[in-house]
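Asker: What follows is the residue order along each chain.
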Amino acid sequence: MIKIVKRDQPSRAIFFFTPVLAIFLTLVAGGLIFFILGFKPFEALKFFFIVPIADKYGFSELLLKATPLCLIAIGLSFCFKSNNWNIGAEGQLTFGAIVSGGVALLFYEQEGFYILPIVILAGAIGGMLYASIPAILKTYFNTNEILVSLMLVYVSKLILDYLVVGPWSNPEGFNFPETRQFSDSAKLPLLFEGLRIHAGIFLALAAVVISWFVFYKTYLGFQMKVSGFSLKTAKYAGYKGKKMIILVFLISGACAGLAGVGEITGPIGQLHREISPDYGFTAIIVAFLGRLHPVGIIFASLVVAITYLGAETAQIFMQIPKYTGQVFQGMILFFLLASDYLLFFKIKFIGLKK
Amino acid sequence: MNTNLKISNVTKIYPGCVANDNVSLEFNSGKIYALLGENGAGKSTLVKILSGVIIPDEGKIYLNENNLKLNSPLDAKKNDIGMVFQHFNLFETLSVFENLIIDSDEQRESVREKIDAIMKKYNFSIDLDIPVLNLSAGQKQKVEIIRCLIRSPKVLIMDEPTSVLTEQETSELFLSLKKFSEEGILIIYITHKLKEVMQLCDEVAVMRRGKLVSVSEIKNENIESLANKMVGQNLKTIKKKKAKTSSDQLIKITNLNFTSEDPFETNLTDINFSVNRGECLGIAGISGNGQSELFQVLSGEIISEKNSIEFNNNYIGDLSPQERREYLMAFSPEDRLEQAAIPQMKIFENVALNNFKSSNFFNNGLINENKIKEHSKKIISDFNVNTDNIELKSQFLSGGNLQKLIIGRELITSPDLLICFNPTWGLDVGAINYIHETLIKINEQNKSIILISTDTDELLKLSDKISVIHKGKLSKIMNSEEVTSEKLGILMGGAN
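Chain order of the listed sequences is A and B.
For what it's worth, this note's numbering labels the leading residue of the first sequence as 1379, then goes sequentially.
For what it's worth, this note's numbering labels the leading residue of the second sequence as 88, then goes sequentially.
With a straight-line cut-off of 16 Å between C-alpha atoms, the simulated EDC-like cross-links for lysine to aspartate or glutamate are:
#1 B:LYS93 with B:ASP167
#2 A:LYS1610 with B:ASP422
#3 A:LYS1620 with B:GLU388
#4 B:LYS241 with B:GLU269
Keep in mind that the hints were calculated from the coordinates and are not lab data.
Only chain A is shown next, with the shape it has when bound in the complex (with noise of 0.2 Å):
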């Protein structure tokens, strides 16, 4: 007989566990989903899996689609950690992407060392603007921030539409949507001759290093992990609520301008239509199969970039849609919520009582 039990505490292998628990039965439900659709399972996994990374080139395609991921999932962290439910990363990637953008463009035909480092503090800054929207509405409004941002992110897409179409589409672009290519100056130098990957993979580990500090070592990584747990105590305690609700909404933001940023001014090169995968979006998942912990949140981005990749394989030699991408990121959270009723009860195998 199988019996459940509650655990007294929940145990901190288990914590860690589950997540690859979570990807072990993601595999499985998948390769059943191939079966069903009459592909050989094994096979179609290690397309969907092993074959986009199997060469330097897919490496750096895992890298390259891995960056955005972690950043913007590290900039969550500090909002999901203090009980601020920002899902809006999306929008804040394309506002940062916009004012960046609009600001490589002014220098379209310059060139100078100055000018990468102005972009790149632009996209920041504009992802803290547009973040900081919901932060304001929220601390003064009592406005709930899961729905301001959401619906932010659907503001930015159309604005980024606007420009891209109208004001900034490129003169000698035959009117396709999408702005003139920005000057080398404004772009992030790639790191290796022939690979996409791009310096823009230096700023996600320096987040990395850096949220780790905060997290653990600081007063503000404090206050937030004490707000996360109660809000109540936190105000006991006397901790300034409306100023960390704003901060952990502008960390965020930047780093998912900063995201932006790096598509634009890396494998893009220019301002159009559909310059982010979601990676706003997927970043949630990959913060909360991270477990919030920066290096959690390094395997988890890259687990989640391989999905993106093995979408494009699968349906280059499999002609499966490659919006499997997203139905495997979608398990990938399924199956991690469900496995994390492990952390609090555990399945005692008993023999039959008479």
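Chain A is fixed; fit chain B onto it per the hints.
Answerer: Below, chain B alone, put in the same frame as chain A:
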């Protein structure tokens, strides 16, 4: 007709705790039975088993020799077991009558006649057509009782019924209960208040740590003997020495008002009082009369007008809790698990919640873990917290140990004023004694206390002055020697 209720070998085990350990009891109608025990002794579990809320792991229940299968509260009702819980299960916005017929399938008119008859018989006067939210706690309880009586129960179980009642309401309740008993209803009365047991009951069953310790007749017991059975040890009695009368004023509250946007909170009107050094001011009242709001206003969780609070010759009404701590105030809130401490965090992390600047827990925005740990060790040994591991998560501390940790954390800064709200709520007698001794010691060191409590005995024991809060207003401040619990009861009920 005689009713016989038998509990036979009932056991209920929760992870990490045996709530009921092979309990057997027998009750007969015509008597009022007390089920006595401390918090966590297993009374509530036993009662929930009788009312079908909890299904026991083992054991049987017989009513007049019939084995009852109580799988839901409905089964209990069908078997004529009525239950009045400590927390009322009424719809506040529905009328009294609507609340009474909500689980009845009879005709409205016939139920109404029945209710009228019951009210007449027991001398209850409640307007059936006003919403329940307009009733006092005592009236609400009568509604709950009427709801049971409609079904003419054989057994009526009352779970800690007096915790929200005034002294007067309590004696009314006792009269009714005695009447019910004379009419043949078997009454089981759950409580941890010894005085009430002596006053009301005929027989008493004492539980301790899930086990039935004794069953005896009240005439063979007295308060001391029952207390010792309940706690399982001989208690020393603590007495407070009369404080030296000091006229050195420490805190003064002037014309303090608070109007809440939340309809479930109580507004505070025109609060005025002062506390001298070395004094303990007790604030009595039935819970929900503005105590929580008053605590928050004093702690700075709710900001008020700058001049309304004068502390040590500074106006501090507009300061945050953290800033008030710097002026040497300390706070122990009512809710240990959701406010005063975070159970999922380690002991030393909980100590760091009191960020008093000169404790140097945080320097330049960085955590100074060594300092925090050093302090935590000191608190644990100074305040007798029963563990030596400061890395332990606080959820593994018992309520008493957690409260000692909290009080210790607040006192480590040697504040001039400690404000505590129900500091011994839900604790076992040993821990209560310890906390009381600690509070007395604070006064002896010429430091002051504001003690907001719903426990009248505690207030009478510890306070030098007492005031009563009712609907957000304070009564005049009285010297505690001039006050009796009866007098407090009258004031708590809102009379002058």
